[in-house]
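Number of protein chains: 4
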Amino acid sequence: MAYTIRELQEILRKFRDERDWMQFHNHKDMATALAIEAAELQELFLWKRGDEIDRVASEKRERLSEELADVAVYLLELADNLGIDLGQAIVEKLSKNAAKYPVDKAKGSNAKYTDL
Amino acid sequence: MAYTIRELQEILRKFRDERDWMQFHNHKDMATALAIEAAELQELFLWKRGDEIDRVASEKRERLSEELADVAVYLLELADNLGIDLGQAIVEKLSKNAAKYPVDKAKGSNAKYTDL
Amino acid sequence: MAYTIRELQEILRKFRDERDWMQFHNHKDMATALAIEAAELQELFLWKRGDEIDRVASEKRERLSEELADVAVYLLELADNLGIDLGQAIVEKLSKNAAKYPVDKAKGSNAKYTDL
Amino acid sequence: MAYTIRELQEILRKFRDERDWMQFHNHKDMATALAIEAAELQELFLWKRGDEIDRVASEKRERLSEELADVAVYLLELADNLGIDLGQAIVEKLSKNAAKYPVDKAKGSNAKYTDL
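Quick mapping for you: the protein sequence lines, in order, are chains A, B, C and D.
Each residue of the first sequence is one higher than the one before, counting from 5 in the numbering used here.
Each residue of the second sequence is one higher than the one before, counting from 5 in the numbering used here.
Each residue of the third sequence is one higher than the one before, counting from 5 in the numbering used here.
Each residue of the fourth sequence is one higher than the one before, counting from 5 in the numbering used here.
Please keep in mind that the hints were generated in silico from the structure rather than gathered at the bench.
Note that CB positions come from ideal geometry on N, CA and C, so glycine has one too.
It is possible that part of the hints are untrue.
Below are the PhoX-like pairs computed for lysine-lysine, each with C-alpha atoms no more than 20 Å apart in a straight line [claimed, not checked]: (1) A:Lys-100 - A:Lys-111; (2) B:Lys-52 - C:Lys-52; (3) B:Lys-109 - A:Lys-18; (4) A:Lys-97 - B:Lys-64; (5) C:Lys-52 - B:Lys-116; (6) A:Lys-52 - D:Lys-109; (7) A:Lys-109 - D:Lys-52; (8) C:Lys-104 - D:Lys-18; (9) B:Lys-64 - A:Lys-100; (10) B:Lys-97 - A:Lys-64; (11) B:Lys-18 - A:Lys-100; (12) D:Lys-18 - C:Lys-97; (13) D:Lys-97 - C:Lys-64; (14) B:Lys-52 - C:Lys-111; (15) A:Lys-52 - D:Lys-111.
Pair by pair, the computed Cβ-Cβ distance ranges are [said to hold, decoys possible]: (16) A:Arg-59 - B:Ala-102: 30 to 36 Å; (17) B:Tyr-117 - C:Arg-59: 16 to 22 Å; (18) B:Asp-108 - C:Gly-87: 55 to 61 Å; (19) A:Ser-99 - C:Asn-114: 29 to 35 Å; (20) B:Ala-102 - A:Lys-109: 44 to 50 Å; (21) C:Lys-111 - A:Lys-104: 34 to 40 Å.
Assemble the whole structure, with the sequences as input and the hints as a guide.
What follows is the structure, given as structure tokens:
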């Protein structure tokens with residue numbers, strides 16, 4: 005199914021409120037929870053190189069899917085709690101990134117914009 | 005606007021391919037980039053407590069919006085690159101979480117499921 | 005015992021070389037490993053507040069000790085691999101921090117130096 | 005100079021107490037600060053591969069030294085605040101790691117002990 009960000013946020017809100025968890029979900033802990041899940045995602049690739057990275061992508065697909073979902077759950081709920089429209093925020097950020105990384109300068113380069 | 009996850013992923017793919025960046029966007033570095041952005045999000049709340057956390061939410065709204073977007077950009081592209089349907093992954097993960105945290109046991113508790 | 009940084013680094017080098025692990029310990033993966041361990045340390049305090057934080061400190065002492073050690077292991081080996089004298093680096097960084105956070109301005113404040 | 009862990013911790017304690025910062029340095033925020041610094045360390049290597057990683061090691065030596073120091077500062081103070089002997093913790097953790105990764109099984113392998 006092609007979920008909108010908002011539909012997913014509604015599902016998450018319901019899940020949380022049934023458990024009365026909003027009392028723990030202050031913005032600071034939510035950001036920390038997100039970072040912890042991001043580290044768990046990283047761990048799946050630790051020490052891997054070249055082909056091994058692709059092998060993780062196919063062999064640990066289930067785990068990867070779960071870790072991505074964990075990150076997404078905190079990200080979507082945090083944006084919702086902050087009243088920030090995440091889709092809009094992405095589009096606006098891309099427009100800023102386009103100014104920092106203009107196609108003619110950034111094409112094929114892995115340099116940070118400060119080094120372009 | 006109510007973007008779907010897939011619409012946003014298409015926008016991101018176009019942005020990346022115009023810059024010929026797919027060569028750098030191996031899954032491992034994408035996961036690392038995501039974790040770095042999550043840390044920048046955390047930094048906005050570091051050392052803050054109680055009311056100060058809410059004050060960050062209102063006074064640093066622009067920065068928060070950008071950091072959330074940065075996390076989202078890497079998350080959505082990584083899921084896309086891995087061929088994982090992020091909306092579906094969230095819904096499936098929630099269903100597993102519901103089994104680990106049944107409402108009657110988890111309601112009002114901040115314990116990890118292993119300690120419930 | 006009062007170990008010096010260098011004594012600990014020597015112990016770590018021996019442990020690694022017996023296992024022929026230097027081939028995996030490139031600086032980039034070492035930095036990632038360090039960050040993953042830092043996240044595991046954070047997880048012990050997630051959702052905890054006030055007195056609960058102190059309770060973690062006493063009840064999960066063994067786990068805390070292990071997570072701190074995990075972070076330290078990667079930090080000390082990475083500094084060693086880079087040929088950076090960690091003790092010296094700390095002393096130099098403190099001297100820079102003292103300039104950014106002079107006692108008369110920073111005393112009792114949790115503001116970042118850019119906001120002082 | 006060959007600093008002991010404890011000498012460095014004493015220097016850090018003095019720096020903190022002159023600024024009356026202990027009030028902010030609860031264990032949870034200290035762990036978060038450590039993780040944020042670890043992410044900044046990672047950022048220096050982001051998108052780099054092969055020779056580029058070594059080039060970072062030589063060209064960004066000053067930055068690397070500062071980021072390693074930042075991680076170390078929080079790690080050493082946190083261990084000190086928790087009353088955990090970090091040198092001892094490292095030696096004990098290595099002894100556990102030696103049991104999980106015996107030389108004959110782990111030599112030359114990048115597998116997690118659960119996959120050995």
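So, going through the hints one by one against the coordinates:
Among the hinted pairs, A:Lys-100 with A:Lys-111 is consistent with the structure: their alpha-carbon atoms are about 16 Å apart, no more than 20 Å. Straight-line distance between C-alpha atoms of B:Lys-52 and C:Lys-52 comes to about 15 Å, which keeps the hinted pair within the 20 Å bound. Of the supplied pair hints, the one linking B:Lys-109 and A:Lys-18 holds, its CA atoms being roughly 17 Å apart against a limit of 20 Å. Only pairs whose Cα atoms come within 20 Å are accepted, and A:Lys-97 paired with B:Lys-64 is accepted, the gap being roughly 15 Å.
Restraint check for C:Lys-52 and B:Lys-116: the C-alpha separation of about 11 Å stays at or below 20 Å, so the hint holds. Between the alpha carbons of A:Lys-52 and D:Lys-109 the distance comes to roughly 18 Å, so the proposed pair stays at or under 20 Å and holds. A threshold of 20 Å between alpha carbons decides the hint, and for A:Lys-109 with D:Lys-52 the separation of about 18 Å falls inside it, so the pair holds. Between C:Lys-104 and D:Lys-18, the direct Cα distance comes to roughly 16 Å. Compliance with the 20 Å bound is thereby established for this hinted pair.
Restraint check for B:Lys-64 and A:Lys-100: satisfied, since their Cα atoms lie roughly 17 Å apart, inside the 20 Å limit. At roughly 15 Å between alpha-carbon atoms, B:Lys-97 and A:Lys-64 fall within 20 Å of each other, so this suggested pair holds. A threshold of 20 Å between alpha carbons decides the hint, and for B:Lys-18 with A:Lys-100 the separation of about 15 Å falls inside it, so the pair holds. The straight-line distance between the Cα atoms of D:Lys-18 and C:Lys-97 is roughly 15 Å, inside the 20 Å bound, and the hint therefore holds.
For the hint pairing D:Lys-97 with C:Lys-64, the CA-to-CA distance comes to about 15 Å; that is within 20 Å, so the pair holds. In summary, the hint linking B:Lys-52 to C:Lys-111 is supported, as the alpha carbons are separated by about 16 Å, within the 20 Å threshold. For the given pair, A:Lys-52 sits about 16 Å from D:Lys-111 by alpha-carbon distance, which is consistent with the 20 Å threshold. Restraint check, A:Arg-59 to B:Ala-102: a C-beta distance of roughly 32 Å satisfies the suggested window 30 to 36 Å.
Evaluation of the 16 to 22 Å hint for B:Tyr-117 and C:Arg-59 yields a pass: the beta carbon distance comes to about 19 Å. Hint check: B:Asp-108 to C:Gly-87, Cβ distance near 57 Å, so the stated range 55 to 61 Å holds. Remark: the range hint 29 to 35 Å for A:Ser-99 to C:Asn-114 is upheld by a beta-carbon distance near 33 Å. Remark: the range hint 44 to 50 Å for B:Ala-102 to A:Lys-109 is upheld by a beta-carbon distance near 48 Å.
Distance hint check: the CB atoms of C:Lys-111 and A:Lys-104 are about 37 Å apart, consistent with the given range 34 to 40 Å.
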